[in-house]
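Chemist: The numbers in the sequence shown follow this note's numbering, run straight up by one, and end at 275.
Worth flagging that the hints you see were computed from the coordinates, not collected in a lab. Yeah, the Cβ is synthetic: ideal placement off N, Cα and C, and Gly gets one too. Hints are not guaranteed to be accurate.
Said to hold, decoys possible - Per label pair, the in silico range of CB-to-CB distance:
| id | residue 1 | residue 2 | range |
| --- | --- | --- | --- |
| 1 | E186 | A274 | 15 to 23 Å |
| 2 | S164 | G245 | 24 to 32 Å |
| 3 | G258 | A188 | 41 to 49 Å |
| 4 | P206 | E186 | 34 to 42 Å |
| 5 | A274 | P193 | 15 to 23 Å |
| 6 | G258 | A149 | 37 to 45 Å |
| 7 | E236 | R189 | 25 to 33 Å |
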Amino acid sequence: MRRLLAVLLVLILGAVLVWTLRGRIFGQEDELAATVSPEAAAQAEAKLQRLSENGESVQLSGVEITSLIRYRYADQFPAMLSDARVAMSGDTLRLRARVPTERLPNVRELERARAFLPDTAPVEIIGRIQPLEQGRVALDITDVRFANIPIPAHLYPSALERIGRRPEPGLAPTALPVRLPDGVGSASVRGGNLILSPAR
76 MRRLLAVLLV LILGAVLVWT LRGRIFGQED ELAATVSPEA AAQAEAKLQR LSENGESVQL
136 SGVEITSLIR YRYADQFPAM LSDARVAMSG DTLRLRARVP TERLPNVREL ERARAFLPDT
196 APVEIIGRIQ PLEQGRVALD ITDVRFANIP IPAHLYPSAL ERIGRRPEPG LAPTALPVRL
256 PDGVGSASVR GGNLILSPAR
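Hey, can you work out the whole structure from these sequences and the hints?
Modeler: Pasting the structure below:
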């Protein structure tokens with residue numbers, strides 16, 4: 076079970092990191108169904124280009140991030156993940172996707188429900204982006220759910236260790252440090268958006 080949880084965390088956190096590394100910003104969940112589109116992906120790319128070329132701070136909504144995932148970077152996501160969506164509220168980042176039920180971890184609570192689940196089930200990771208030193212942030216994972224069933228928090232640190240997380244002074248064992256791309260100095264989540272600022 077821990078091995079599969081680690082694999083899923085790698086895949087989903089990898090997705091989050093791709094967007095963080097590319098300067099994506101997350102928006103309101105209720106906007107997703109109506110506005111995720113190739114046009115929103117193009118709008119997000121234009122903002123990222125301004126950050127890269129002009130050194131402007133940028134904000135991308137969850138709609139823009141989800142549009143990038145679906146229309147520009149779908150080939151970078153594992154085939155087993157479908158319907159990936161990113162949303163933020165306040166300082167909280169939420170990533171949702173669907174995975175085949177057969178790939179869900181062998182957790183006692185899930186075993187009881189597995190027979191009643193459809194072919195695919197939702198997976199959700201919730202966390203907060205925390206600033207570190209210039210050019211780095213950490214994603215502190217606060218909740219993981221498969222098929223709406225919570226995964227015990229005591230499993231998060233070992234899952235993160237399996238994907239290469241090393242202990243750092245002052246860093247919570249549930250936090251995964253991330254190096255930002257060249258030119259990006261800081262990233263934070265405020266008011267339902269990820270704010271990316273240029274390096275100084």
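Chemist: Does each hint hold? Answer for all of them.
Modeler: Results for each hint:
| no. | hint | verdict |
| --- | --- | --- |
| 1 | E186 x A274: 15 to 23 Å | 48 Å, violated |
| 2 | S164 x G245: 24 to 32 Å | 26 Å, holds |
| 3 | G258 x A188: 41 to 49 Å | 45 Å, holds |
| 4 | P206 x E186: 34 to 42 Å | 39 Å, holds |
| 5 | A274 x P193: 15 to 23 Å | 46 Å, violated |
| 6 | G258 x A149: 37 to 45 Å | 25 Å, violated |
| 7 | E236 x R189: 25 to 33 Å | 27 Å, holds |
Of the hints listed earlier, those the structure fails to meet are numbers 1, 5, 6, in rising order.
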